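**Q** All chains should be built: construct the whole structure from the sequences, respecting the hints.
Protein chains in written order, with the numbering used here: chain P, 593 to 709; chain A, 343 to 665; chain U, 59 to 175.
Keep in mind that the hints were calculated from the coordinates and are not lab data.
Small disclaimer: the values here were computed from a predicted structure and weren't measured.
Possibly wrong hints are sitting among the right ones.
Calculated cross-link-like contacts (lysine to any residue; reagent style SDA-like; alpha-carbon spacing at most 20 Å) [claimed, not checked]:
(1) U:110 to A:347
(2) U:110 to A:430
(3) U:112 to U:122
(4) U:112 to A:443
(5) U:110 to U:68
(6) A:593 to A:661
(7) P:659 to P:645
(8) U:90 to A:370
(9) U:90 to A:382
(10) U:90 to A:424
(11) U:90 to A:426
(12) U:90 to A:429
(13) U:112 to A:345
(14) A:539 to P:666
(15) A:539 to P:662
(16) A:539 to P:664
(17) U:112 to A:451
(18) P:659 to A:548
(19) A:539 to P:645
(20) U:90 to A:430
(21) U:90 to A:409
(22) U:112 to A:449
(23) A:539 to P:672
(24) U:112 to A:363
(25) U:90 to U:105
(26) U:90 to A:433
(27) A:593 to P:625
(28) U:112 to A:454
(29) U:112 to A:382
(30) U:90 to U:149
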Amino acid sequence: MEMLFDAVSWVLILVGSVFLVVGGIGVVRLPDVFTRMHGAGIIDTMGACAILIGLMVQAWFNIVTIKLVLIVVFIMFTSPTTTHALARAALGGGARPQVRESPEGADVGEGESPSKT
Amino acid sequence: MSLMAFMAVIGFAVARLRNLFGVVILTGIFSLTSAVLYVVLDAVDVAFTEAAVGAGIATVLMLGTLALTTSEEKTVSDNKPLLALLLVTVTGAALIYGTLDMPHYGDPTAPINNHVVPRYLADSAYEIGLPNVVTSVLASYRGYDTLGETFVIFTAAAGVLLIIGRPQRGRRRAHRDAQWDIEHGIRKNVILRVVSKLLLPMILLFALYVQWHGDFGPGGGFQAGVIFASGFILYALIFDVDLARAVVAPKVSRFFLALGVLLYGGVGVVSLLLGGNFLDYSVLAYVPTQGQHIGILLVELGVGITVAAAMITIFFTFASQER
Amino acid sequence: MEFPGLINYWIVVVLMMTGFYIVIAHNNLVKKIVGLNIFQVSMFTFYITMGKVKGGTAPILAEGIAQYSNPLPHVLILTAIVVGVATTALGLALVVRIRDAYGTVEDDEIEAQENER
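**A** What follows is the structure, given as structure tokens:
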């Protein structure tokens, strides 16, 4: 039984690390500010939360688990908000998403504004 | 260690980068990496403080300065790079020569680990009775240093007020009519406003938790003060600065700035009046360990109040500058 | 990490010299303050590295732990970090004031303005 828990937490932590690396490569290699936000978002939500859930499996019924649950909750709250704030700031600073030109050369100057509120 | 190599790379990048916004963000990343390094080196209290202070407050203040001085780009006119490089290399070589005599990393028989620290570690359990040895050393065994440090924070806040403080221009009530709403975007920023309103009580609660839990785990007055101030700074960043100023009036923050230091010094004077030495907490109660607990509690509270008020004062002084 | 025991100190010296170089060789005042910050962080790392004991844990008294790391450098560095941020805040306030008085934050331009008087 112990080995099952260990294996599960191993898998989760490895999956989280893979997502971290993928997100890091995405932040570096993607062409545009707004597409790079996707990479950053993956790092925060999938990477960090997978690693934290793996740690939760390690510390099974402990006060540490409650603290880890709280950390996951707070990361889930703050990380998308941060990405949203960054995207809004980039939009306000003048960055526009790169849009592929449509074949007939119609007006493709600006992309959709991310938030309409 | 790979973390240290990472930090060296970031240091080089900061030296070479010209865009000042990038430099400031890289400094924040540098502080966070050093906080991770401190956790690896078993310094959990220090890591906590460095993450809160270095990656939080220092970055916010530097960004505020950049916004005020509006110098985004910098044209490098290095007229003396070679001389500086030569000086740096010579100094570095001298320092490395100096480290050749040092005890190796992690050596338990090094002089630093055998002078007075075994006494702290062994006697702290029955003299003070707190699990966190760092807190007991900080607040009780080395209480004078912490008193001086609280004064330093107080002086820094007072100095910032003196240098760039403006006299109050009368009460600027934030008129919340439709025009203000349109300008300040009550319809925009809905996500940020809602989430920050959800998070603010958690932040303040966490600050209080860190304050009182510093006796048993990493924490204490400094970290708690900084986290408490960051709650107010978050409110000021997302909502209007004037609104945040109305929540914490300048008089109130200045009052608390002095109150914390007064509390700390007052505990020392009270222990003088009760017959012990200055800042000797054992005389504060019948049982000496109880007296130590009370003394450390009050002293850390004083530190926390002063640090929170100082950070709030400094930030609001920066934020209410005319551009 | 089983490195030769002094390499940590050498990396710290490299960091220190980076911060030192930024302070003396760059002209922008804000960048000088950033360099000072790097210098301070490298000093903190130096002290904390000295305080680490092999096989020790964090200096929080608990049952069944034989060896603790040295708590004394932690105390000193806690003080130093907060004093460092106080100094940074004052330095940045001075930079803002200099900008108000001279209109620039570049060292050589300020010197030129001073020499003209």
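**Q** What hints, given by number in increasing order, does this structure fail?
**A** 2, 9, 19, 24, 25, 27
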